[in-house]
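**Q** So the chains spell out like this:
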Amino acid sequence: METTVNINAITENDLSWKIDYNTDRCTRCGRCIATCTFAALEMKVERRAFTVSEDKTPEPKRLFSTTPVVSQVSTLKNHCVGCGMCEKVCPNSAIRPLRNPETREPLLNHPGGSPIKRGGRTNVSVERTLDLIKVGRISQMTDPSLDAQRHTFDVLSPLGRVLSPTEIPIKIENNELNISGTMPPVHWIYPIIFGDMSIGALSTRAWEAIAIATAVLNEKYNMPVRMASGEGGMPVKLMKSKYLKYMILQVASGHFGWNRIIKAMPEMIEDPAGILIKIGQGAKPGDGGLLMAAKVAKHIQEIRGVPKSDLLSPPNHQGLYSIEESVQKMFLSFNAAFKFKVPVAIKVAASSSSVSVYNNLLRDPYHIVGGFFMDGIQGGTGAAMEISLDHTGHPIVSKARDAYLAAVKQGMQGRIPLWTGGGMGMTGSLAADAFKMICLGANGVFAGKIIIQLLGCIGNDHGRCNQCNTGLCPTGITTQDYRLVKRLDVDKAAETLVNYMLSVDTEFRKLMAPIGNSSLPVGRSDALVSVDKAIADKLQIPYVC
Amino acid sequence: MCRIGCIKSLDPFHPRFALNLMLPQQKGHDNSGFALVMKDLYGLFEPYKKYPLLSYSSTAKGREIIEAYMLDRGFGRPVFQWKPKTKTFNTSYDFEKMAFYGFEAYALPVITQGTSEEEKGEFLLNTRLELRELLESTGDGYIFSFWPDTLTLKEIGNPNHIGDYFNLWEENEPILAKNIMVQYRQNTNYDIVRYAAHPFFLQGYTLCANGENTNYVKNKEAQQNLHRGYIGFESDSQCFLYTLHYTHHQLKWPLSYYKHVITPLPFDEMDSHPNKALLLKLRESLTHLEINGPNTIIGLLPDNTLFTTCDSKKLRPVVIGTDGRMVGITSEVPGLNMILPHRNAEADIYPNERETVVIGNDLRIERWKQQ
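Protein chains in written order, with this note's numbering: chain H, 1 to 545; chain Y, 1 to 371.
I should point out that these hints are in silico values taken from the structure, not numbers from a laboratory. There may be inaccurate statements among the hints.
[As the list claims (entries may be wrong)] Label-pair restraints from in silico Cβ distances: (1) Pro266(Y) with Asn175(H): 20 to 28 Å; (2) Gln328(H) with Asp303(Y): 16 to 24 Å; (3) Ile172(H) with Asp362(Y): 47 to 55 Å; (4) Glu130(Y) with Gly136(H): 57 to 65 Å; (5) Lys87(Y) with Gly136(H): 43 to 51 Å; (6) Arg364(Y) with Ala337(H): 53 to 61 Å; (7) Lys538(H) with Ile111(Y): 45 to 53 Å; (8) Ser180(H) with Arg325(Y): 42 to 50 Å; (9) His273(Y) with Tyr221(H): 17 to 25 Å.
The beta carbon of each residue, even a glycine, is placed where N, CA and C say it ideally should be.
Use the sequences and the hints to build the structure in full.
**A** Set out below in structure tokens:
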């Protein structure tokens, strides 16, 4: 006997997103289908049945018609990801994706025994620590607030090894101090770094948009924002240009792109802003880097010097076996490579053990560790298994505080600038997040996901899109398919990023002024309060309610 | 707001000048404390200038603890004690009197013979810190200073009453000095302890300040690891003294760099500075010692050089006036009018945010511009 339903067949209501489609409004123009990079829509013909009666007395007639409609493809391979491109292009508002709270997709989508892979960041949302912290110490009367419009503010942070006053080679002559020797390079830069997303993870055009925004912010608006390259090399033309000084070059365990960087070095007319040795990242920590073969287009193969295949940066640097040795080997060699004129920093994943690493580096006797970048669980990535994204990693806020207080305990706060990232700006205000992190002890922050969201990425932390790993990015940002990349208006994207940063700069002043600080309040935890007791206790700030 | 002041004179003078300097500046509720530090002592103290003078207030038990400790450390009995001719304490006085106010000069123990001045300075500091710890552990008193030629008096309560009790309004005793730094305090925090009252003292450095130290937490976190003498932090203004001591005494940097440390030039201004590289390094290295106002600082160095400087933005008031034989620095000009009525007030100096005004022992006034 035939059953009425085959419950193992995949249907729309098994999937995470369902298409809400209005036949009456649809003109069948086909734009939604053409724009869906995931082939989650198709045209089909639906049979319709009507019963009509045309006489004075009921004389029912059953009529049938066939209607062309847009339909959701109900397969696990071509499931809708909620990106909303169909809605964006529909001239009649006839179609849109809707989240399906009853989805069974996480249980079912394991073809051939494969775990779910995606990009983005953790989708296991919890109430965010930074949103439970307020700037609660407002200067009044005895310590008046500053005027955000009128006063001058120094919104700059160091990148580079900062010496203690007794280590600075100072000569006292005729009641004057003078420098009498060489010192590690330190650059004072904007306290927000465009975090390291590689060419490869990003399309060349998206990467270029960030680079353009960086140059505009520096050249036109005098905001010394730096951009970290990510592990994927750099365009040779950029390396030989004066704009190299705004770029922080990243080296990670795959060393992708470094053959071209090394070859370009003799022709560099400027030093890069810094070197960032990536040991780990906040998203999927311990997992190394991953660029899926789908994104290893010809130009990526050329920049990285690799064949088309999944590109894996190993979880660790194969030649390193201890912190001391990493200082000796990697830091020294990169410092030497750039003649000790470029700060060399390290990026690690926030973890239960990262304070120990920081403590150890603080004792660096050669003064060659120029920055400690720590990345938290809410950082983003281009490709990872969902299990890693959702369930591994360490929140950044308390870890940054722990690291700062560990340095305070040794009297070494600020000696190795502490830069923190992982979800900065994820609820909309990069300035507020950065400011709070700085009050807790960070020198500055780095941000990635919010940067691509400003470029046009529509992914979010509630499962929307997150298809950065597929090469099918509907916004042209995390794909190497030139047809998709064309969707991105590079100039407009750069302009949006510049405008956002200009507003961030104003917002910084609006936060510095009421607490009475004209320079960044690094370590001014007294400026913060928390409406959550446990957070307040952990961070050693007052609890308020 | 605390009213602060310092008088420096070619001729030794009585503390009543200091009280008169502060009296016309009183306003509102001004009852939370009074403190003064006298340096370069004369009168009763002149024969004992070379001996470290211990200034403290204590209970009877505290006095016994001090006596036992000083004997144990080889100081012996005091070579001189000043016992203030106080009035009878009565209930109309609005302050909490301690049982003893000690001002005792001691000869240095034999073990310090042959040691350098610097080593003697360390020894005196250690002695003061140990005594302080002893008294703190039992709650029996306060040690304010232990240094040659230096006297400190601190008390909580109505300053006029305190001055009256100690008979400081009348010159019936030759208690004289060439430098007196003083504070009348209007405290915004009722949980006050004597150590919170300015001026603060450390190894010959004396400093008072008014205003709130916006960067108190970061200053404190940086200083508590810099030197064993940087303790207490009962007042956020102690940070100014510790930074002065650190830059001038520990790092041995000239006084002019104190200003560069506490209020570094903005980056834009630094850019065009001929010694940009140095200033940048100082700012990098000592960023946690920066202040952000609003403050006026008055300091005395171990050699009794007097100076004043302000924060770079929010500026508490301060004025400097002189008649040629006496210089007064204080928060508000009525104070100067009281002690220097015949000076040329048009020549009074109202320093700006980038200045350090320095007065030498010959009373020559220099205005150093931070540039």
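**Q** For the pair glutamate 130(Y) and glycine 136(H), does the Cβ-Cβ distance stay inside 57 to 65 Å?
**A** violated, 39 Å
**Q** Holds or violated: the 16 to 24 Å window for the beta-carbon distance between glutamine 328(H) and aspartate 303(Y)?
**A** violated, 47 Å
**Q** Taking 17 to 25 Å as the stated bounds, is the beta-carbon spacing between histidine 273(Y) and tyrosine 221(H) within them?
**A** Cβ of histidine 273(Y) to Cβ of tyrosine 221(H): about 24 Å, so the range 17 to 25 Å holds.
**Q** Return holds or violated for the Cβ distance of isoleucine 172(H) and aspartate 362(Y) against the range 47 to 55 Å.
**A** violated, 24 Å
**Q** When you take the CB atoms of serine 180(H) and arginine 325(Y), is the distance between them in 42 to 50 Å?
**A** At roughly 43 Å between Cβ atoms, arginine 325(Y) and serine 180(H) fall inside 42 to 50 Å, so the hint holds.
**Q** Hint says 45 to 53 Å; check whether the CB-CB distance for lysine 538(H) and isoleucine 111(Y) agrees.
**A** holds, 49 Å
**Q** May I ask you to test the hint 43 to 51 Å on the CB atoms belonging to lysine 87(Y) and glycine 136(H)?
**A** holds, 47 Å
**Q** Holds or violated: 53 to 61 Å for the Cβ distance of arginine 364(Y) and alanine 337(H)?
**A** holds, 55 Å
**Q** Between proline 266(Y) and asparagine 175(H), does the beta-carbon spacing fit 20 to 28 Å?
**A** With a Cβ separation near 24 Å, proline 266(Y) and asparagine 175(H) satisfy 20 to 28 Å, so the hint holds.
Checked against the numbered hints given earlier, the structure breaks hints 2, 3, 4 and satisfies all the rest.
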